[in-house]
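S.K.: Read off the chains here:
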Amino acid sequence: DAGVTQSPTHLIKTRGQQVTLRCSPKSGHDTVSWYQQALGQGPQFIFQYYEEEERQRGNFPDRFSGHQFPNYSSELNVNALLLGDSALYLCASRGFESSYEQYFGPGTRLTVT
Amino acid sequence: GQSLEQPSEVTAVEGAIVQINCTYQTSGFYGLSWYQQHDGGAPTFLSYNALDGLEETGRFSSFLSRSDSYGYLLLQELQMKDSASYFCAVSPRDDKIIFGKGTRLHILP
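Chain order of the listed sequences is Z and B. Numbering of the first sequence is given in the working numbering, commencing with residue 1 and proceeding in unit increments. Numbering of the second sequence is given in the working numbering, commencing with residue 1001 and proceeding in unit increments.
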């Protein structure tokens, strides 16, 4: 049973560019959340997707957008990249039976130069 | 606003017991979770408390006092592999899970 997978593992982009990160949830999970984790900090909630809709959103600008597909996989898009967007981006999934236990993927390390 | 406070670093000796505290302030509250994260790894779920009291899972226990907005994670029989960062996280009613900044646990042989 595959856990949460994310791609790519690492990514280097230039300021002003756009990036798309991908996530496949754990089998049987239908809710996907995205987090940004700066070095030495805790994960910060970006948004959550359920039934292909954004259910909740944290304090992130509109440059951060997402999508969930019918197979529950999800994408995170960031436009007009800033140096401050450099971070580890984590995807987490959970199922209906457990509203609090999230399974995290290994993350995508984004570096903006 | 919503915030969590936990110590930035804790040091303990292998085989000993260590407690990592967490205080929180949030509008609406469902429960308190704990996650472990090794360097370069993903956070992994350890425990969840929705009600006051102690929850035990093997060497790890977690406690919650809703009236004090306080919880802690207790790690017993410390092993070197327990060296990691530990995050408390609150689940508010709007489901926007908030993580603390993490406690770095150093274990000495």
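The hints are simulated quantities; they were obtained by calculation from the structure and are not laboratory data. Computed from a predicted structure; not experimentally measured. Glycine included, each C-beta is placed from N, C-alpha and C at the ideal position. The reader is advised that the hints may include incorrect statements.
Said to hold, decoys possible - Listed below are the simulated DSBU-like cross-link pairs for lysine-lysine, each with C-alpha atoms no more than 30 Å apart in a straight line:
#1 Z:13 / B:1101
#2 Z:26 / B:1096
#3 Z:26 / B:1101
#4 Z:13 / B:1081
#5 B:1096 / Z:13
Said to hold, decoys possible - Derived DEER-like restraints, expressed as beta-carbon distance ranges:
#6 Z:40 / B:1081: 44 to 50 Å
#7 Z:8 / B:1028: 33 to 39 Å
#8 Z:96 / B:1040: 30 to 36 Å
#9 Z:5 / B:1038: 26 to 32 Å
#10 Z:18 / B:1056: 33 to 39 Å
#11 B:1050 / Z:62: 29 to 35 Å
#12 Z:3 / B:1008: 26 to 32 Å
#13 Z:17 / B:1068: 44 to 50 Å
#14 B:1081 / Z:8: 46 to 52 Å
#15 Z:62 / B:1041: 46 to 52 Å
S.K.: Quick one, are residue 13 of chain Z and residue 1081 of chain B close enough, alpha carbons at most 30 Å?
M.R.: Not OK: residue 13 of chain Z and residue 1081 of chain B at ~34 Å, beyond 30 Å, violated.
S.K.: Is the Cα-Cα distance between residue 13 of chain Z and residue 1101 of chain B 30 Å or less?
M.R.: holds (26 Å)
S.K.: Confirm or reject the claim that residue 5 of chain Z and residue 1038 of chain B have a C-beta distance inside 26 to 32 Å.
M.R.: violated (18 Å)
S.K.: Given the hint of 33 to 39 Å, check if residue 8 of chain Z and residue 1028 of chain B actually sit that far apart at their C-beta atoms.
M.R.: Because 37 Å falls inside the window, the suggested range holds.
S.K.: So does residue 1050 of chain B sit 29 to 35 Å from residue 62 of chain Z, Cβ to Cβ?
M.R.: holds (34 Å)
S.K.: Given the hinted pair residue 26 of chain Z and residue 1101 of chain B, is their Cα-Cα distance within 30 Å?
M.R.: holds (26 Å)
S.K.: Just to be sure I understand the hint, the distance between the Cβ atoms of residue 3 of chain Z and residue 1008 of chain B should be within 26 to 32 Å; is that true here?
M.R.: holds (29 Å)
S.K.: Against the range 44 to 50 Å, how does the distance between the Cβ atoms of residue 40 of chain Z and residue 1081 of chain B compare: consistent or not?
M.R.: Once the Cβ atoms are compared, 21 Å apart, the range 44 to 50 Å for residue 1081 of chain B and residue 40 of chain Z is violated.
S.K.: Given a hint of 30 to 36 Å, does the C-beta separation of residue 96 of chain Z and residue 1040 of chain B actually sit inside it?
M.R.: At roughly 31 Å between Cβ atoms, residue 1040 of chain B and residue 96 of chain Z fall inside 30 to 36 Å, so the hint holds.
S.K.: Should the hint that residue 62 of chain Z and residue 1041 of chain B are 46 to 52 Å apart at their CB atoms be regarded as holding?
M.R.: violated (31 Å)
S.K.: If you check the beta carbons of residue 18 of chain Z and residue 1056 of chain B, does the distance land in 33 to 39 Å?
M.R.: violated (47 Å)
S.K.: Checking one constraint from the list: CA of residue 26 of chain Z to CA of residue 1096 of chain B, max 30 Å. Satisfied?
M.R.: Status holds; Cα separation ~20 Å.
In summary, the structure is inconsistent with hints 4, 6, 9, 10, 14, 15 from the numbered list given earlier, while agreeing with the others.
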